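Chain by chain, the residues run as shown.
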Amino acid sequence: MTAELARRWVRFTALGVGLIFIVFPLYWMILTAFTPRAFLFRPPYKLFRLDLSLENIRELLSATQFLTFMGNSLIVAAGAVVLNVVAATLAGYALSRFRFPLKQTFVAGTLWTYMFPPILLAIPLYLLLSGLGLRNSYIGLILAHVSISLPLNIWIMWQYFQIVPLSLEEAAWTSGASRLRALVEVALPSAFPGILSAAIFAFALSWNDFAFAFILQTDIRMFTLPVGLSTFVEQSAIHWGLIMASSALVSIPTFGFVFFLQRYLMSGLSIGK
Amino acid sequence: MASENRLARAAWVGTALAPALTLLVVTAYIPIVFALTLSLYYRTAFNPRLVWAGLDNFAWLIAQDALWAALWRSLVFTIGSVSLQIVVGLFFGLLLNEAIKGRAMMRSLVILPYLLPTIVIGLVFRWIMNPQYGVVNQILLDLGLVSQPINFFGGLKEAMPSVIVATAWQYGSFAALLIFARLQAINPRLYEAARTCGAGPWRSFLDVTLPNLRTTLLLIALLRGIWMFNKFDLIWIITAGGPLEATETLPVYVYKIAFQDFDFGRATAACVVMFLILLAASFAYFRFFNPTKEVEVGR
Chain U
1 MTAELARRWV
11 RFTALGVGLI
21 FIVFPLYWMI
31 LTAFTPRAFL
41 FRPPYKLFRL
51 DLSLENIREL
61 LSATQFLTFM
71 GNSLIVAAGA
81 VVLNVVAATL
91 AGYALSRFRF
101 PLKQTFVAGT
111 LWTYMFPPIL
121 LAIPLYLLLS
131 GLGLRNSYIG
141 LILAHVSISL
151 PLNIWIMWQY
161 FQIVPLSLEE
171 AAWTSGASRL
181 RALVEVALPS
191 AFPGILSAAI
201 FAFALSWNDF
211 AFAFILQTDI
221 RMFTLPVGLS
231 TFVEQSAIHW
241 GLIMASSALV
251 SIPTFGFVFF
261 LQRYLMSGLS
271 IGK
Chain D
1001 MASENRLARA
1011 AWVGTALAPA
1021 LTLLVVTAYI
1031 PIVFALTLSL
1041 YYRTAFNPRL
1051 VWAGLDNFAW
1061 LIAQDALWAA
1071 LWRSLVFTIG
1081 SVSLQIVVGL
1091 FFGLLLNEAI
1101 KGRAMMRSLV
1111 ILPYLLPTIV
1121 IGLVFRWIMN
1131 PQYGVVNQIL
1141 LDLGLVSQPI
1151 NFFGGLKEAM
1161 PSVIVATAWQ
1171 YGSFAALLIF
1181 ARLQAINPRL
1191 YEAARTCGAG
1201 PWRSFLDVTL
1211 PNLRTTLLLI
1221 ALLRGIWMFN
1231 KFDLIWIITA
1241 GGPLEATETL
1251 PVYVYKIAFQ
1261 DFDFGRATAA
1271 CVVMFLILLA
1281 ASFAYFRFFN
1291 PTKEVEVGR
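First to last, the protein sequences are chains U and D.
The opening residue of the first sequence carries number 1 in our numbering; numbering runs sequentially from there.
The opening residue of the second sequence carries number 1001 in our numbering; numbering runs sequentially from there.
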């Protein structure tokens, strides 16, 4: 029985080490966000504290451009979600319900774009959007985000429609429904969980993107949250309490997805970026 | 379906694929072709006229010591980061596979770093590993493990390993999830058989677990290898390629040619070089894992 006991101890220790490894950086982010300013520049720090305050959050929202950045992030993410959901749902339907020439080429082509270095896309997008006067615009950044999320979402929707049984649509056809009606009233509602996954991924990739927004948006009024936050470090008026408060706020959607919508994430996570 | 003729079906396919195809062409294919073309021209921000350069940009590039230094750092970064991600992934994959209490909670926690915005990970690591105010240094000093605070991201020798640790924290989850899924699929009888043959836990790990994980680990190494080779954002956020050029990998080098020297011809030529290296890796990827396999549910 000593072997079993040793195994339990190893398991227990590993669990503790693993928890600390993952949780500690996040714990420290949240603790710093709520630490009163007076204690921020006086190390050593207490590893636990209860004298928390909303001082940093209040200052972040009133004295910085956080809310402007957040507005930009939300607009761009919403645009990316709409384009992704429409395009990926229709493409997934076509791929799963029809046989057509060059189908394999189309699928391979979408996955290929997924392998390109983002910087290889960013340079020509920068030049093309500059030429069209679309740098520092919402639509330019939305299109850039679609380039990274659409291939993944076409894949998700194609996989999802394959598990929506064709027999449901066939039943609708035999009772006289047109293909369009069967699509709208039968196939789309059954594919809803897949559509929700595609929407979550489109949102998350857009919300999290740093590289494209950093290269395409040069006007501070058009910055999204990740780019805006990266400028905080260089500004002497902005201290680590504010930076951690903004980091914690930007992470809220991620916490929501992981703890409340996790089952919709699994299809995409296995091939995620 | 019988009522549909070929024309109607073709119209359906065309209409349904049109939005996706248009978006892919506009946002990916045209830019990529444009970038490939650009690598053969002189094109800077100061001279927007396209002048044919042939292979001059490539010749210039190959003569740069900075390119080879960046390629070397890219290899160190990619191999170091992917290896550490696999170690982290094995650790959490095996942990999740044990019938521990609160496994669902633990799985959520394991997924979390992977989905956090990169900016958050960059800023949090810069804060906790700060030489002056960082809590990691404070703990190391308190425990007596170091006598001087470590300049994690600012030290010439420390910067690359520190960035690698940050990437492993973010992307170890990806490896963990794939490894966990594979472990769940191993037939428990194999472990029973190993035990009846007198194998201890270590022996059965070597003889049952690892051989079963082989394909998964190869797949993770390939996919993550490609993505880490392309990694720009986290490195830029944490060190911007510094101190000096200690963390200047190829994507950072390309970014600097494009947006600090504003030489787009040379920058895209450097992208092409990166892409050719990746192309070889992609072929390997398609050999290991055929993503075009599908389940037919009708036509």
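Source of the hints: derived by calculation from the structure; they are not laboratory data.
Quick caveat, the model's predicted, so the values are computed rather than measured.
Idealized CB from N, CA, C, for every residue including glycine.
Honestly, I wouldn't trust all of these hints.
Claimed, not checked - Derived Cβ-Cβ restraints for the label pairs, each shown as a range:
1) D/1146 x U/4: 34 to 42 angstroms
2) D/1144 x U/48: 18 to 26 angstroms
3) D/1037 x U/39: 53 to 61 angstroms
Return the numbers of the hints above that this structure violates; sort them in rising order. none
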